[in-house]
Amino acid sequence: MSVPTRSRRSLPSSPLAWVAATMLASLVLLALAGPLVWGAAADRPDPSAVLQGPSAAHPFGTDNLGRDLLARVLTAARPSLLLALSATLLGAAGGVVLGASTAVVGPRTRRWLATLINLLLAFPALLVALFLAVVLGAGAGGALFALAVASVPGFARLAQTLAAGVSGTDYLAAARVLGLRRHRLLRRHVLPNIAEPLLLSTTMAAGTALVALAGLSFLGLGVQPPAYDWGQLLNQGLDRVYAQPLPALAPGLAILYAALTFQLLGEVLAGSAARRAHAPQSPPTAPLPATLPAPLPVPDGPAGDDHVLQDHVLQVEDLTIELPTPAGVIRPVRGVSLSLRAGEIVGLVGESGSGKSLTALALAGLLPEHARVGRRTHRLLGADLTAMTRKERHHHLATGLAVIFQNPASALNPSLRIATQLTEAIRTHRGASRTEAAAQAEAALRRVALPPSLLRSRPHQLSGGQRQRVMIASGLMVRPALIIADEPTTALDVTVQRQITELLSDVRRDTSAAVLFISHDVALVAGLCERVLVMYAGTVVESLPADRLATATRHPYTRALVESVPDLTADRDRPLRTVEGGPPDPLAPAAGCPFQPRCPHRRHRCAEDVPALTDLDPGHRVACWYPLPAPAKATAS
Amino acid sequence: MTGVSDVSVSLLPRHPWTAFCVRRSARLVLSLGVVLTASFAMIRLVPGDPVRAALGVDAPPALVAARRHQLGLDQPFLAQYRHYLGGLLHGDMGASLITGTPVAELVRTRLPATLDIALPAFLVTLAVALPCGLVAAVHTRDGRRPRAELAFTAVTAGLASVPDFVLAAGLSALLAVGLELLPVAGTAGAESFVLPVLALSLAPTAVLARVVRVEALKVLAEDYMRTARGKRLSPARRYLRHAAPNMATAALTVAGSLLPAMIAGTVLVEKVFAWPGIGSAMAQSVVAQDYPVVQAMVLILGTTVLLAGLLVDGLLALLDPRSAIREM
Chain A
1 MSVPTRSRRS LPSSPLAWVA ATMLASLVLL ALAGPLVWGA AADRPDPSAV
51 LQGPSAAHPF GTDNLGRDLL ARVLTAARPS LLLALSATLL GAAGGVVLGA
101 STAVVGPRTR RWLATLINLL LAFPALLVAL FLAVVLGAGA GGALFALAVA
151 SVPGFARLAQ TLAAGVSGTD YLAAARVLGL RRHRLLRRHV LPNIAEPLLL
201 STTMAAGTAL VALAGLSFLG LGVQPPAYDW GQLLNQGLDR VYAQPLPALA
251 PGLAILYAAL TFQLLGEVLA GSAARRAHAP QSPPTAPLPA TLPAPLPVPD
301 GPAGDDHVLQ DHVLQVEDLT IELPTPAGVI RPVRGVSLSL RAGEIVGLVG
351 ESGSGKSLTA LALAGLLPEH ARVGRRTHRL LGADLTAMTR KERHHHLATG
401 LAVIFQNPAS ALNPSLRIAT QLTEAIRTHR GASRTEAAAQ AEAALRRVAL
451 PPSLLRSRPH QLSGGQRQRV MIASGLMVRP ALIIADEPTT ALDVTVQRQI
501 TELLSDVRRD TSAAVLFISH DVALVAGLCE RVLVMYAGTV VESLPADRLA
551 TATRHPYTRA LVESVPDLTA DRDRPLRTVE GGPPDPLAPA AGCPFQPRCP
601 HRRHRCAEDV PALTDLDPGH RVACWYPLPA PAKATAS
Chain B
1 MTGVSDVSVS LLPRHPWTAF CVRRSARLVL SLGVVLTASF AMIRLVPGDP
51 VRAALGVDAP PALVAARRHQ LGLDQPFLAQ YRHYLGGLLH GDMGASLITG
101 TPVAELVRTR LPATLDIALP AFLVTLAVAL PCGLVAAVHT RDGRRPRAEL
151 AFTAVTAGLA SVPDFVLAAG LSALLAVGLE LLPVAGTAGA ESFVLPVLAL
201 SLAPTAVLAR VVRVEALKVL AEDYMRTARG KRLSPARRYL RHAAPNMATA
251 ALTVAGSLLP AMIAGTVLVE KVFAWPGIGS AMAQSVVAQD YPVVQAMVLI
301 LGTTVLLAGL LVDGLLALLD PRSAIREM
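Order-wise, the sequence lines are chains A and B. Okay, so the first sequence: first residue is 1 according to the numbering used here, each after it adds one. Okay, so the second sequence: first residue is 1 according to the numbering used here, each after it adds one.
Errors might be hidden in some of the hints.
Which stretches of chain B does chain A cover? Using the computed rule of at least three CB atoms under 8 Å from a CB of chain A, they are [said to hold, decoys possible]:
| # | stretch |
| --- | --- |
| 1 | 198-205 |
| 2 | 225-234 |
| 3 | 263-271 |
| 4 | 279-291 |
| 5 | 311-317 |
Taking CB as the label site, the calculated pair distances span [said to hold, decoys possible]:
| # | chain 1 | residue 1 | chain 2 | residue 2 | range |
| --- | --- | --- | --- | --- | --- |
| 6 | A | 326 | B | 123 | 18 to 24 Å |
| 7 | A | 105 | B | 49 | 38 to 44 Å |
| 8 | B | 240 | A | 479 | 24 to 30 Å |
| 9 | B | 288 | A | 97 | 36 to 42 Å |
| 10 | B | 57 | A | 57 | 47 to 53 Å |
| 11 | A | 612 | B | 240 | 46 to 52 Å |
| 12 | B | 37 | A | 108 | 22 to 28 Å |
| 13 | A | 108 | B | 60 | 27 to 33 Å |
| 14 | A | 612 | B | 218 | 28 to 34 Å |
| 15 | A | 65 | B | 310 | 46 to 52 Å |
Source of the hints: derived by calculation from the structure; they are not laboratory data. Keep in mind it's a predicted model, so treat the numbers as computed, not measured. Using N, Cα and C, we set each Cβ at its ideal position, and we do this for glycine too.
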């Protein structure tokens, strides 16, 4: 499937980056200026105003010595932030040295270091910090050191992972060959290459450290009176939470503000790193419509043309698909008409990007929701799908046709048993009971030459060929009138390909279902199908009986396609023939015939008017102003 | 864990499940050894005399000596370690320096209270984050509703940064004291569980919901989801039966990594709500320098973390045998 996928981004950088930067600046400013501006007020006891609630003079109230709580919270920014940053930087330095050294030591030491890091990582940092703070004794220094040590394993694991990516690279191997010493390897070659992800982690870790240090102080293990930080203020205030919530919570709000700042900062850094990583492939994206797009207007055409082909399983006229992409709207399918009789097997060939897979998805009603589809007629088993309600259409499509996708490994759900995947469609749409459905599933598996015991299996227990048989069996469960096989053998190896095409052929003969076989492989289609449609740049350029493909093609593109197929008799000393040039740019289709820029036979008119698909012989239609001459004598057998 | 497995790779049995169990057990034994040794070493690492520190400078020397003997601190180091491990095997964790209560008794009464809030908090996290993440993914897939996506990301980022103990204090002030809706502290009735569980689970829920959304977006873009669409199954069946199981492994892995921090978070949250669990016992004994109690609580919390990890890994192995066994 060649639907262009839109690149994703989690957050637009500008507004959030501004918020984060402003919050960070306010914290830095507070840490620098806080003690200078409010330090005096924070330490000035006022025996006449002990344990007061909020007032004009003391917006957050006062503590048990009558000191202003707002001033204390603002002053405490410096110790709180300083402690958190010191602990983070200390822990990051230790962790990075430990982790990055795994890239330059021998394999045995590396394994032991990895084991050690893993062991330490099993324990939450807060618990490790708590343990160390108990051992080191209550106090700011002990808490700082405890937290630094507790954050070492996390940084070590990160640096280890990053350094492992670096250590396999060529320049480190070259540096080793040059005989650079270990510490120099580390400093010059390993650390600079892991700097950016580390910066991101350090930012996030600083937030965590701030909260953890506040937690330690809150428990009474961190900063000791008369010094104070936010955690300690919260601890002192909590006893008053019953009487005066605001004085108790003011330090908590400060912790929350700081934690939020670091979180947002990390978010912005991560977003910009992710954008830079994807920058080359993803230009700025246009937002997709939030609501479902309206269907394309019905193409102009004589109304009387809209006759019902009664013996046809599928009848589609003037199918057009529009897809919004970041670079603009493209029309990968333009005016495709096709019809299939019951039991007929028709090939749809074309190179990748020709629109054949999108056509298949449109026929099955499986296009992505932002695609716009237009068609004059879309009949399945004679019933007009465009005139149905959504629910009727769903039921009709579910029971009338089955799609077999290119890659059976990904088209089957890895977590569900084969039985579930086979039976769910008929249980939903035909109201089959569990036992009926199971019996039919067994029959379907036998039909595709698989043992019924596979019903209990999950997809990963099957081979590629078996999975595609299961997909076919799954399609057969609803007894469809039409099977759309979208490159069903491309992902399989050659011997299995043959079995699958033979199976499809048998199934068609036995069930008289029509098969639309989509492939880029002209030789395969010629051998399997009765009729072949050749697509180029979203249009059908030639429609002919399959036996004419080898010798009697009339469109220059089809001819080139057929001639590019090597066979065993091809002269190996000569280069393979290819179709010159590349497919047209879907954003800027050429005027006139879409193939004209690559066509060796083009003339003046080709660049001006689009040739319509017209009958040359019975059953043979070509969209070309100057069709190639038919062979002198009929060579079709 | 590649370290252990690499070292002993030649000794491993062939069968994948046996190999998984052997590796996982080896890892557990090693980690338990770390916890046991660390908790044992704690009292011995404290600078100065821990008994003197706990009992205060005024305590009579005879009492200090008696308590030192009771703790076995006057014996040789290795004998102490043997004695410590032997005591643990018999459920003897020493006695509180301050009250003289056996620590095992304290653990027996307090551990259930902690599990009573930690377990529901974990379940609430799963029960809220999984559907929220999935619903958010369904509504924002293929780049639809970019505003909703931005709102989801911003709100979860904000909630994820709320520290549990600050939230606990805020909740008790707002809901319990301010609005008098719920009990502020203690374990009186079902309502008293609401605030501690909420405080413990909010931030992990936000983190998990984000991860679930990203994982769900990946799953929704898979080919088999198109197959399910082709079968015209109901949205409920497509999302719950076809998408959800394929996100379970990733979701549980992340949830498992959040669990240790939640267990450690009980220490602070229990203090705020005066919840009679392991955490508040630890908080009290840390301040009182009641080392035998701290030692036991470190041991219990550490072991709980390890067992929770074992449980999650076991569940992962059952859910997704291939990856869990291969990646051990």
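Outcome of the hint check:
For the stretch 198-205 of chain B, the stated coverage by chain A is not satisfied: 0 residues place a CB nearer than 8 Å to a CB of that chain, which falls below the threshold of 3. For a cut-off of 8 Å, the count of residues in the stretch 225-234 of chain B with a CB near a CB of chain A stands at 9, and the three-residue condition holds. Check result for the stretch 263-271 of chain B against chain A: holds, 6 residues qualifying (beta carbon to beta carbon below 8 Å, three or more required). Using a Cβ-Cβ cut-off of 8 Å, 5 residues of the stretch 279-291 of chain B lie near chain A, which meets the minimum of three, so the contact claim holds.
Beta-carbon proximity to chain A at under 8 Å applies to 0 residues in the stretch 311-317 of chain B; the threshold of 3 is not reached and the given coverage is violated. Range check, residue 326 of chain A to residue 123 of chain B: Cβ separation about 42 Å, and the 18 to 24 Å hint is violated. Take residue 105 of chain A and residue 49 of chain B: their Cβ atoms lie about 41 Å apart, and the range 38 to 44 Å holds. The hinted window of 24 to 30 Å between residue 240 of chain B and residue 479 of chain A holds, with their beta carbons roughly 27 Å apart.
Distance hint check for residue 288 of chain B and residue 97 of chain A: the Cβ-Cβ separation is about 37 Å, which falls inside the suggested range of 36 to 42 Å. Taking the beta carbon of each, residue 57 of chain B and residue 57 of chain A are about 42 Å apart, not inside 47 to 53 Å as hinted. Take residue 612 of chain A and residue 240 of chain B: their Cβ atoms lie about 49 Å apart, and the range 46 to 52 Å holds. Checked against the hint of 22 to 28 Å, the C-beta distance between residue 37 of chain B and residue 108 of chain A comes to roughly 24 Å, which is consistent with it.
In this structure the hint that residue 108 of chain A and residue 60 of chain B lie 27 to 33 Å apart at CB is violated, the actual value being about 55 Å. For residue 612 of chain A and residue 218 of chain B, the Cβ-Cβ distance of about 44 Å falls outside the hinted range of 28 to 34 Å, so the restraint is violated. Hint check: residue 65 of chain A to residue 310 of chain B, Cβ distance near 50 Å, so the stated range 46 to 52 Å holds.
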